[in-house]
Every structure is written in structure tokens, then in C-alpha cells.
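*Asks:* Chain by chain, the residues run as shown.
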Amino acid sequence: MSAQTAGPETLGHLSEEPPAPDPSSKDAKAIAGKSPMQIALGRLMKDKIAVVCAIVALFFVIIAVFAGVIAGLFGVTLDPGRPSQVLDFSTQLPKVGPPNNGFDPEHPFGIAPQTGADNLAHWLYGCRTSLIIAGSATLVASVVGVVMGLLAGFLGGIVDKIISFVIDFFLTVPFLLAALTIAPIINDRFALYESYPTIQRWSLIAILAIFGWMGLARLVRGEVLSLREREFVQAARVIGMPTHRILIKELLPNLAAPIVVSVSLTLPAFVALEAGLAFLGIGVTSGASWGQTVSDAVPWFDKYALYLWEPLLGIVLLVLSLNLLGDAIRDAMDPKTRR
Amino acid sequence: MFAYLVKRLLSGVVVVFLVSLSIFLLFWFGPSSPAQPICDRDTSNRCTPERLANFEENLGYNNPWYTEYGTFVKGVFVGREIQFGSTKKFDCPAPCLGYSYRTKTPVFEEMKERMPATFSVALGGAALYLVLGIPIGVAAARRRGTVADKALVSSFLVLSSVPYYLFALLTWLFLTVQWEIPLFAETGYFSFTENPAKWFSGLLLAWIALGIFGCTQYTRYARGSMVEALSEDYIRTAKAKGLAQSKVVYKHGLRAALVPVVTIFGIDFGTLLAGTIFTERIFDIDGIGFWSLQAVNGRDLPVVSATALFSAIVLIFSNLIVDLIYSVLDPRVRLS
Numbered sequence: 001m002s003a004q005t006a007g008p009e010t011l012g013h014l015s016e017e018p019p020a021p022d023p024s025s026k027d028a029k030a031i032a033g034k035s036p037m038q039i040a041l042g043r044l045m046k047d048k049i050a051v052v053c054a055i056v057a058l059f060f061v062i063i064a065v066f067a068g069v070i071a072g073l074f075g076v077t078l079d080p081g082r083p084s085q086v087l088d089f090s091t092q093l094p095k096v097g098p099p100n101n102g103f104d105p106e107h108p109f110g111i112a113p114q115t116g117a118d119n120l121a122h123w124l125y126g127c128r129t130s131l132i133i134a135g136s137a138t139l140v141a142s143v144v145g146v147v148m149g150l151l152a153g154f155l156g157g158i159v160d161k162i163i164s165f166v167i168d169f170f171l172t173v174p175f176l177l178a179a180l181t182i183a184p185i186i187n188d189r190f191a192l193y194e195s196y197p198t199i200q201r202w203s204l205i206a207i208l209a210i211f212g213w214m215g216l217a218r219l220v221r222g223e224v225l226s227l228r229e230r231e232f233v234q235a236a237r238v239i240g241m242p243t244h245r246i247l248i249k250e251l252l253p254n255l256a257a258p259i260v261v262s263v264s265l266t267l268p269a270f271v272a273l274e275a276g277l278a279f280l281g282i283g284v285t286s287g288a289s290w291g292q293t294v295s296d297a298v299p300w301f302d303k304y305a306l307y308l309w310e311p312l313l314g315i316v317l318l319v320l321s322l323n324l325l326g327d328a329i330r331d332a333m334d335p336k337t338r339r
Numbered sequence: 001m002f003a004y005l006v007k008r009l010l011s012g013v014v015v016v017f018l019v020s021l022s023i024f025l026l027f028w029f030g031p032s033s034p035a036q037p038i039c040d041r042d043t044s045n046r047c048t049p050e051r052l053a054n055f056e057e058n059l060g061y062n063n064p065w066y067t068e069y070g071t072f073v074k075g076v077f078v079g080r081e082i083q084f085g086s087t088k089k090f091d092c093p094a095p096c097l098g099y100s101y102r103t104k105t106p107v108f109e110e111m112k113e114r115m116p117a118t119f120s121v122a123l124g125g126a127a128l129y130l131v132l133g134i135p136i137g138v139a140a141a142r143r144r145g146t147v148a149d150k151a152l153v154s155s156f157l158v159l160s161s162v163p164y165y166l167f168a169l170l171t172w173l174f175l176t177v178q179w180e181i182p183l184f185a186e187t188g189y190f191s192f193t194e195n196p197a198k199w200f201s202g203l204l205l206a207w208i209a210l211g212i213f214g215c216t217q218y219t220r221y222a223r224g225s226m227v228e229a230l231s232e233d234y235i236r237t238a239k240a241k242g243l244a245q246s247k248v249v250y251k252h253g254l255r256a257a258l259v260p261v262v263t264i265f266g267i268d269f270g271t272l273l274a275g276t277i278f279t280e281r282i283f284d285i286d287g288i289g290f291w292s293l294q295a296v297n298g299r300d301l302p303v304v305s306a307t308a309l310f311s312a313i314v315l316i317f318s319n320l321i322v323d324l325i326y327s328v329l330d331p332r333v334r335l336s
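The listed protein sequences correspond, in order, to chains A and B. In case it helps, full-length UniProt numbering puts the first sequence at residues 1 to 339. In case it helps, full-length UniProt numbering puts the second sequence at residues 1 to 336.
I should point out that these hints are in silico values taken from the structure, not numbers from a laboratory. Note that the structure is predicted; figures quoted are calculated from it, not measured. From the three backbone atoms N, C-alpha and C, an ideal C-beta is built for every residue, glycine too. One or more hints might be untrue.
[Said to hold, decoys possible] Straight-line distance between alpha carbons at most 20 Å, and here's what the computed DMTMM-like set of lysine to aspartate or glutamate pairs gives: (1) B:K150 - A:D47; (2) A:K303 - A:D47; (3) A:K303 - B:E57; (4) B:K150 - A:D331.
[What the hints assert, rightly or not] In silico contact screen, one side only, chain A against chain B (beta carbon under 7 Å); selected entries: (5) N101; (6) P174; (7) L176; (8) L180; (9) A183; (10) P184; (11) L192; (12) S195; (13) L225; (14) A272; (15) P299; (16) F301; (17) D302; (18) L312; (19) L313; (20) N323.
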């Protein structure tokens, strides 16, 4: 803590923020205090790549939220198509639209071979599936990670030992194989249920979250270990603040940076994993999913490449923009980097 | 050192035990009967409750879970007999991981057959990680701040942000399907002892895809730790006493810079050995990863649990070996 903040009038000022400027001085505005988050945001706004990536990511979020509305505007639905009417009998390729017949306004993205379903509707709802699953899993994993990290770091002792062991244990289990192991159990049990698609999505969120919280928990634990020895935590203890209040009011705000960085890098990883699992046939198998469409489109690549490119570019653009945005956020949050 | 080794081995054994127990319990207490898949398969999907009960009885699912887990563990060490249906009895010699529901052969035998494929993929891919990653990283570190360095760093950042399986899929689609390059015409695993040339060309594309994608990470590590090493005092001393530039970089700089890279490499190699599922699926390589994927789709529970156990063991021991090597490479690290 610097000499400035040690004065008696700043006693209530225990965070890292600089003291409020003296309102009577002339250049009070020029040295206005900024929270670390504001500084990071300012740096982020100056980063052109980050702004572009944020716009791309926002575009996908809008598509995901308004998938139904947009599909309605184009007049397309997820309904199974009528293969006998729209597909060529011998080649199984669509009679209208790409790949052989140019643009078809009724199906802007074309029609899927074999099933005759509309590609645009599947693409729009696939975006929704992807972001809902990845977003919820990120949320759950982050909450679990923060709680576990806080408890392990702050309570120490036996709690720390147990949580650390659980973290190490989960880290030795390879994610993909764990997902492979759990998938048949869920499929066997619920395959005949009417709500199977919903159950499948929930279980996917659970699997992603169960194997995605350890990194953040470790990070938070390490931070808490050093934070809990600091004066403001000791002061809070001395004045008799209950533990849960210390954790939430004193420690959590200081952990904002690692949490934000972790969330922004977990989200693209989960989007990629969700599509990857669907590609392997163990993720979302009913309903629209980009990964599943990629898997369906592979055999058609030489005749109907567009069918593959649509979902593939969706995944690549979304993951790429989220990843680069996450990297930019990490740089902006880190006071050591100078751009 | 010896005490540390014993301690680590013991904790590794505990984790393997826990992993095998969790897999076992997952199937045991899972929402559907563990005998359901084999009952469906053996009765061509006409599995009546009586038949299911028969299978459950024979496979021991009516006993308490701890006695059955004991039987499983005992089978791993001394072997056991497995009974499917009412009449057929199979002898399963140690190490017995059960019988495959689909092929009715011992799981361990099948695993042994598929290990060379996964091992070949992992070995070639991991070799390319280092062969490509380290020289590129060192070259970038020596030209730090130049346009070439910046272009390389940002293009590798973009490449590593693309999901690996899509990169591998596009490599296969373009090189094998679209352009039909003869060298990559037939991807897959062919026995090395029978036809080394075919083995090489079948796996080459998988290695290239793995290597190019993985080397981006190694370039970043190698560049980072090389930049750090080159700014050390002893490098300045070496330069000041008039050593040749190449000697300064490779003998003094690279040696120090490689230590952290080696650790990461060990863990990555272990992860590859534990199962290259996407690579094997995309390039049609019949290894452990592809096998486990087939087992999942065929609901072959003994195979699924065996592959999960196998990969956990590989990961645990590769971590242990990495820690040991690290202490040899870096004298500052003391194992305790």
C-alpha cells in the first residue's frame, strides 16, 4: 500500500483504487480515479482486433437469441423436408438451389441432401444450441470453480487437502474419454423418453461443467492464499466479519480479473468441445447442432461442399472470435503488458 | 529421490484405483441396467425382462457391488471366468478386463492389437511437435520484434484458435478427397512389420495434421523461454567473451530454454498416447481412440471402461516420468 492511501482519511479505502482526487484542485478531472476494470475496458476498446471479435461474437449471440424470429423472416423451419419432392432420386442431391442450380430464395443456405431439410434453419438453431450449451456450462463451471477455489484457499487445512485432491483427480481423467464413458449410460436410460433432447442437452452441460471447473479453482485458490494474509482481510476478521461475508465482500471483488479471463477463455473451449462431441456422435444427436451437420456433410464434400462449409465456418468464426477476444481481455487485464 | 518415487507411485496407484472404482460404480448405479446392452445384442433387440434377469444373474449383477468389484480386481491380477447367457462360459486370463460384448474376445487382447496404431500416431505427431516447434520458436526469438516474428506469432495464434478436429478434417478433405494426392491416398494404420512404406504413407497425413497444429503451441513456448534465456546475464557474458553467435544461441541459450518445453512435451505425449480420438476417427486409424468410439456407439461397456482406465494409467505415469526428468534436467528442482 502506498504512502498516499495510508493517511487517516482513506481508512475506508482498502482496495487497490487510488484515492479520490481533491475536488478543489484545478486538474481534478485529469487525474480522475479509474477502477482496474475501467482501465482494462479502456485498453480493450483501443484494441482493434478485440473490437472486431466482439462484434462478430455479438452477431452470433443475436442469431442465437433470435433464431426463431430470423428463421420466420426467411420463411424456413426445422421441420423435416420432403425428400421425395425436393431431392433428385438418383443422386440424393437437391433439385433446387446449390450445389447445381444456383441461388434459391426460399432456401438461402440450400437444402440438405438425403433428408431435404433446410440448411439455414439448422444453421440458426445450431448457433443457439452451441451458445446455450457452452454458455450454461461456462456459467456452472465458473461458479463451481470459484466456490471450490475460495473454500480451499481460505479455509485451508483438511478442506484444502480434500479439494486439492479432487482437483488433481479430475485433472488426470481425460475429458473426451469421460464424456465417452458417460454418454452410453445417458443414452441407454433416456433414449425412449419424449424429453430426450432436453435431457441430452442438460447432461452435456453437466459433463462440460464437471470437467471444466478445475483450472479456475486452482487459480482462485492460489490467489486467495496470498490475499488472505493481506491487511484488509485481517482487518475484516478483527472486526468480526463472518467468513461468508469476508469471502463474498472482501475476497471476491479482488478475484474479478482472473475470473473474467478464465470465463472468456472457457467459453470458446466449450463451444469447440460441444461441436466436437456432436461431430463424434456423442454430443447433441437430436435437434440442430453444427458439429452434427459437419459430420453429416463429410461424405458429401466432393459433390456439395457448401453443405459442409456453412456449419464449419460457423464454428470456426465463433470459436476464433471468442478466443481472440479472450486473449485480448487477458492482455488488457494484465497490468504488466503494454500495448 | 527413492522415497519420493515410492510416494508418487503409491499415490498413482490410489488414483488408478479410484478411477477404476468410479467407472465401475458409474455403470453399476447408472440409470439403466448394465446388462441391458448385451441382452439387447444377444437377443437381437428382443430382450424380455426374464432374459434380462438371466443376464443379470449370470454376469453377477445381483450380487452386491463390492463383491463384484472384488471379482473384477481379482480378474485383473489372476484372471477369471465370465459367463454370458445361460450356457456359454469364457475363460479370461489375467490381466482380465472383461470380454467385449460385441466380439466376445478378451478386452485386453483387443487392446494389445490396437496399441501399435495409437502409439505410431502419438510418436510421429509428438516428434513433429518438437521438430517443427522448437526451430521455428528459436528463429522467431532471435528475430524478436521484426515483421516476420510478428506475422508468425499472430498467424500461429489464429491457427491454434481453430478447433483441432476441424483443422484435421479439412486437411483430410482437401489432400485426400479433393486433390487426391497419391501419397495421402490411403490413410489408416497398416502393420509396420508387414509393409513399412504403407505404414508410413497411411499415417503421414495424421502426423502432419497433428504436428502442424501442435507445433503452434511449442513455437510459442520455445519462443517465450528463448527470449527469456537470451536476456540472461550469462548470455551477455558469452557474447562479450567473443563466442560465435550460433554457439551462444544453441549451446547456452537453447539448453536453458528447453527445460520447460520438455515438461509440457511429456504431458502432451502422454495425452496423445491416452487416446487420439479425433485423429483416429478422421484418418480412419484403428487405434485405441477409434476403438473406444466404436465401443460407445455399440454400447460395449467392458471396452469403454477398459479404454478409460488405460488412458488414466497412461496419463498418471507420464506425469510421474515428466516430474522425474524435470528434476534431472533442472538441478534447482528438489523432489520431496
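*Asks:* Does A:L176 meet its interface restraint, that is, does its C-beta lie within less than 7 Å of any C-beta in chain B?
*Replies:* Holds, because the Cβ-Cβ distance from A:L176 to chain B comes to roughly 5 Å (cut-off 7 Å).
*Asks:* So, A:D302 near chain B? Judge it on the closest CB pair being under 7 Å.
*Replies:* Since chain B brings a Cβ to about 6 Å from A:D302, closer than 7 Å, the hint holds.
*Asks:* With a cut-off of 7 Å on the beta carbons, see whether A:P184 makes it to chain B.
*Replies:* Holds: closest Cβ of chain B sits about 5 Å from A:P184, inside 7 Å.
*Asks:* Measure nothing beyond the straight line between the CA atoms of A:K303 and B:E57; if it is 20 Å or shorter, mark the hint as holding.
*Replies:* Roughly 52 Å separates the two Cα atoms, so the pair is violated.
*Asks:* Please check whether A:S195 passes as an interface residue: C-beta within 7 Å of a C-beta belonging to chain B.
*Replies:* Hint violated; A:S195 Cβ to chain B Cβ min 14 Å, cut 7 Å.
*Asks:* Can the hint on A:N323 be confirmed by a CB-to-CB distance to chain B that is less than 7 Å?
*Replies:* Because about 4 Å separates A:N323 from the closest Cβ in chain B, which is inside the 7 Å limit, the hint holds.
*Asks:* Does A:L180 hold up as a contact with chain B if the rule is Cβ-Cβ below 7 Å?
*Replies:* holds, 5 Å
*Asks:* Per the CB criterion, is A:F301 less than 7 Å away from chain B?
*Replies:* Holds, because the Cβ-Cβ distance from A:F301 to chain B comes to roughly 5 Å (cut-off 7 Å).
*Asks:* Assess, step by step, whether the Cα of B:K150 is no farther than 20 Å from the Cα of A:D47, and give holds or violated.
*Replies:* holds, 16 Å
*Asks:* Does A:A272 pass the interface hint, meaning its C-beta sits closer than 7 Å to a C-beta of chain B?
*Replies:* holds, 4 Å
*Asks:* Measuring from the C-beta of A:L192 to each C-beta in chain B, is the shortest one below 7 Å?
*Replies:* Violated, about 11 Å.
*Asks:* Can we keep the A:L225 interface hint, with Cβ of chain B closer than 7 Å?
*Replies:* With a minimum Cβ separation of about 20 Å from chain B (threshold 7 Å), the hint on A:L225 is violated.
When held up to the earlier numbered hints, the structure conflicts with 2, 3, 5, 11, 12, 13, 15, 19 and fits the remainder.
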